[in-house]
Amino acid sequence: MSLTKSSEEDSFNGRYTLWITEALEELPHNFTITDPFISGHPIVFASLGFLKMTGYSREEVIGRNGKVFQGPKTNRRSIMEIREAIREERSVMVSLLNYRKSGSPFWMLFHMSPVFGRDDGKVINFVAVQVPISGQEHRKLGVMSSDHSELVFGSCRREVCFGSFVHQNRASPVECDDEQGLEDWEHCEASESEKLKAVEAVNNVLSILTRYSELSGRLVCGKRYCLRGVDCLSSSLVISLGRIKQSFVLTNPCLPDMPIIYASDAFLTLTGYKRQEVLGQNCRFLSGVDTDSSVLYEIKECILKGQSCTVQILNYSNRKDKSSFWNLLHISPVRNASGKTAYFVGVQVEASCRNTESKELRPETRQLSVVGAVRVAVRSSLMVTC
Amino acid sequence: MLKIKRVPTVVSNYQKDDGADDSVGCGRNCLGACCINGARLPLYACKNLAKSGAVEKLVISNEAKEPPVAFLESLVLGEWEDRFQRGLFRYDVTACETKVIPGKYGFVAQLNEGRHLKKRPTEFRVDKVLQSFDGSKFNFTKVGQEELLFQFEAGEDGQVQFFPCMPLDPENSPSVVAINVSPIEYGHVLLIPRVLDCLPQRIDHKSLLLAVHMAAEAANPYFRLGYNSLGAFATINHLHFQAYYLAMPFPLEKSPSKKITTTVSGVKISELLSYPVRSLLFEGGSSMQELSDTVSDACVCLQNNNIPFNILISDCGRQIFLMPQCYAEKQALGEVSPEVLETQVNPAVWEISGHMVLKRKEDYEGASEDNAWRLLAEASLSAERFKEVIALAFEAIGCSNHEEDLEGTIVHQQNPSGNVNQKSNQTHGGPITNGTAAECLVLQ
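Residue numbers (the working numbering), protein chains in the order written: chain Y, 1 to 386; chain H, 1001 to 1444.
Simulated from the structure, these hints should not be mistaken for laboratory data.
Even glycine gets a Cβ: it sits at the ideal position worked out from N, Cα and C.
Among these hints, one or two may not hold up.
[To be verified] Reference listing, derived: stretches of chain H covered by chain Y, where coverage requires no fewer than 3 residues with Cβ under 8 Å from a Cβ of chain Y:
| no. | region |
| --- | --- |
| 1 | 1226-1240 |
| 2 | 1389-1396 |
[Unchecked claim] List time: in silico BS3-like cross-link candidates among lysine-lysine, alpha-carbon distance up to 27 Å:
| no. | chain 1 | residue 1 | chain 2 | residue 2 |
| --- | --- | --- | --- | --- |
| 3 | H | Lys1099 | H | Lys1142 |
| 4 | H | Lys1259 | Y | Lys73 |
| 5 | H | Lys1016 | Y | Lys73 |
| 6 | H | Lys1016 | H | Lys1128 |
| 7 | H | Lys1258 | Y | Lys195 |
Between the sequences and the hints, there should be enough to build the whole structure, so can you do that?
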C-alpha cells in the first residue's frame, strides 16, 4: 500500500535529475528534504552530516516522517510551530530537542523552508537544516536570579568553544548528562552565528535544487512566484488527506467534466492505475461494458442536486488480471471554509472484501469516516493565517 | 442571587424550551428505565494510561511511520457523518462560513446564524458553581438513543477493545459519546461520564481522566476536549465534556507561557503570557494520570471555592489549560461593556481558546483581533484575583512550598509585557467566594 523507499527517491530524482544526490552530498550541512505529496510526508533525502549527527543509516531515515526524531522531552510548543509552518507553507526557525538513534537527546537549531514550483506555485519539498547548538549562549527561561549562568551550566556539560567557530561544522551540540538536567531546560537559544549558519545552509541547498531543476525543466525556487492554481491542492491539504489510508478520490465540480484532483494510495492499489493515469480524468474510466447505466445516471443526479448517495456499481480495474469488481461507492459533496461545495469525495469499498469480522468497525462506518476526515481537512485547508 | 438571561444552546433534539418538564412519557427510545432494556451501542475500551503509563517510544521501528487514521477517530467521524446524513443536526455546520481573523494571534471566527434560533432566553443562576442535579430539567438520560454514538471506557489493560454491539447496562452506568445537535465544528460531540448516574456538572478525578483518555486515544492534536463549569457558560447541569475537530491551532495553544512551578510528580505548571484571559497550563508529569489528577485537584478546589472555570484538553491530552473566569458574574452585575454584550457571544471554553462563534453577520464581517481581545479580556480575572486563585489552587495541589517562585511571578505579572487586561474590577469573585465557600463545602 505504501510507496517503497526507492520510489520515494525516484520522485526526488525525477524532479531534479539523478545527479542531484551527488551534488547535495558535497554540502557539509546537516539537512533533510521531505516530500509533502507522498503519504506520510516522508524524508526523501538526508545529508551525510545529518546521518552522522543522528547515528542513523540512510535506509533507516528515507521514507520516515521527521517526527520520529522527537521524544518525550521535545518541547510541544516547538512541534506545534513546525506543524503550523508546514500547514501555512512558510519557513520557520526554532530551537528543538531531538533524539539520536542511541536515544540520547541533543539541542539543535531547526530551520525549515518550503521549495516552490516556479510555474504553479505549488510546494514541491521542504528543506530542513539542523545546526547543533553549541551551548555558548543558551539560557534557561524562568530563572531570574543574577547567577543564572551557573545554574544553567551546573546541570549540563559545558561546551568550551570560545573564539571563532562560525565555520566550525562539527561544533559539539549541547547535551545533558542526566534526565534532570533536561527537565529543567525550558529552552535553548541558538547564537546569532548559528542562526546565520542555518540561513546560509538553507540558501546553499536551495541554490543546488534550483540549478538541478533547470536540468529537468521543472523549475523550483525558494520564493513563491505565483499563486497556486485552482486545480492545485495545498501541500497541507495533501498531507492531511495522505493520513487517510482508505480508497477515495476527490473530484472538482467547478472544472469541466469534474476531473479527479486527488487519488489516495489505496485507490491506486484497488484499481491498478498509476496516479498520473487517473489525475485529471473523470471517474467514468472505471466503468465497462457490463456497468449498469442506470446507476451511472443515479450518481449524476445526486451530483447535480449536491446530495450524497451510496450505490453498488460494477467497476473495471487495471490490475494484472484486468478483473472487474463490485464497488460499494459512496459520494458526498464537501464544503470549504466559505461553506461552498468545493469537491465531491468518492469512497470505494470492494464489495467482496466487506469485512464481517465482529471486532471491526462496520464497513459503512469506515466509509463514512473517510468522508468526515476529508470534510475536516478541506474545511480548514483554506483558513491559513497570512 | 446572581442571574443572567441567555439563549440556551440546544444540544439534543429532545431538549424543550424553558427547560420545561417532559411529561411525554416515552416511546422515543431514550435512556430512561422505560427504554433502556435491550438497548445496544458500540463500546470502545481504550488503552488504560493509568496502567500503561505515558512513556513515549523513541526508537524508530516499523510502527513509527505516520499511523493510519486512528480507530477512535474513524469511529467518531464515521458515526458522526452517519448522524449528519440522517439529518439529526439542526444545521449543516460545514455550510457556516469560517475564517482566521487577521493579526498576530490568529483568532478563528465562524458565522453561525442557526445555532441560537428558535429558543427563548432563559434565566441562569451564575453565582453557584456547584448545584445539585435536578432530574426535572433536561439531562442526557432524556436524549434519544439515535443521538448516541458509542460507549467509551478506559479498558483493563494496554489493549484497545471494540464491541460493535454491546448492551447498555443500567447496573453499570456507561460513559457515552453523543452528538451535539447544534455543532460549532465538524465532529462536535459530548462525552457524558457514567450517564445514568446523573452526576451534576462538577469535575471529579475519574471523569477528567476519562476525558484525557479520550484526547489521547483520538491521537489527533486538532481534536480537543473542553469543559465549562456552571457560572462559566455550561447550560446543562449534567456532567459532560465537549469535543470537536478544528484542524488549526487555537490562539490559546500558541500563547507563550512561563513556568511557575513543577509538582513533585513532575507536572509543570505555567502561566500564559500575553493572552487576554489569565490562564494556567499543566503539562508533563510522570504519567497522564498524574497530569490529570493535578488538574482535578485544582478544579475541585476552584469549584469548592465557587470560582467558575473552563478547561481545554489539548495536544492529545499532553497539555491541559485551566481558565478561571468571571464574565457571567460581571454580566449579572451589569459591568460588561454594552458593545461586548450586544454581540451575544458567551465566552465559554471554545471562545476563550480563541474560536469565536458569531451570531450576527456584521460581527463576523467586522471581526478584528481587537474585538476578540476585548471580549475575552472581560472574562479574565484581574491580576490580583488570579494571584489569589493560583494560591488557592496550589495549596490544593500541594505545591505551596513554591511560594517564592510564585511571588516572583506576580511581581512580573504587574508589569505585563503585552496588553493584558488590567482594568478588570479587582473585587470580582472575592465576595462571592467568601460568602458561599462553606455552603459548597457542605455539598462536597
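Hints versus structure:
1. 1226-1240: violated (count 0)
2. 1389-1396: violated (count 0)
3. Lys1099/H - Lys1142/H: Violated - the C-alpha atoms of Lys1142/H and Lys1099/H are around 35 Å apart, more than 27 Å.
4. Lys1259/H - Lys73/Y: With a Cα-Cα distance of about 15 Å, the restraint between Lys1259/H and Lys73/Y holds, given a limit of 27 Å.
5. Lys1016/H - Lys73/Y: violated (49 Å)
6. Lys1016/H - Lys1128/H: Within the cut-off at roughly 24 Å; holds.
7. Lys1258/H - Lys195/Y: holds (24 Å)
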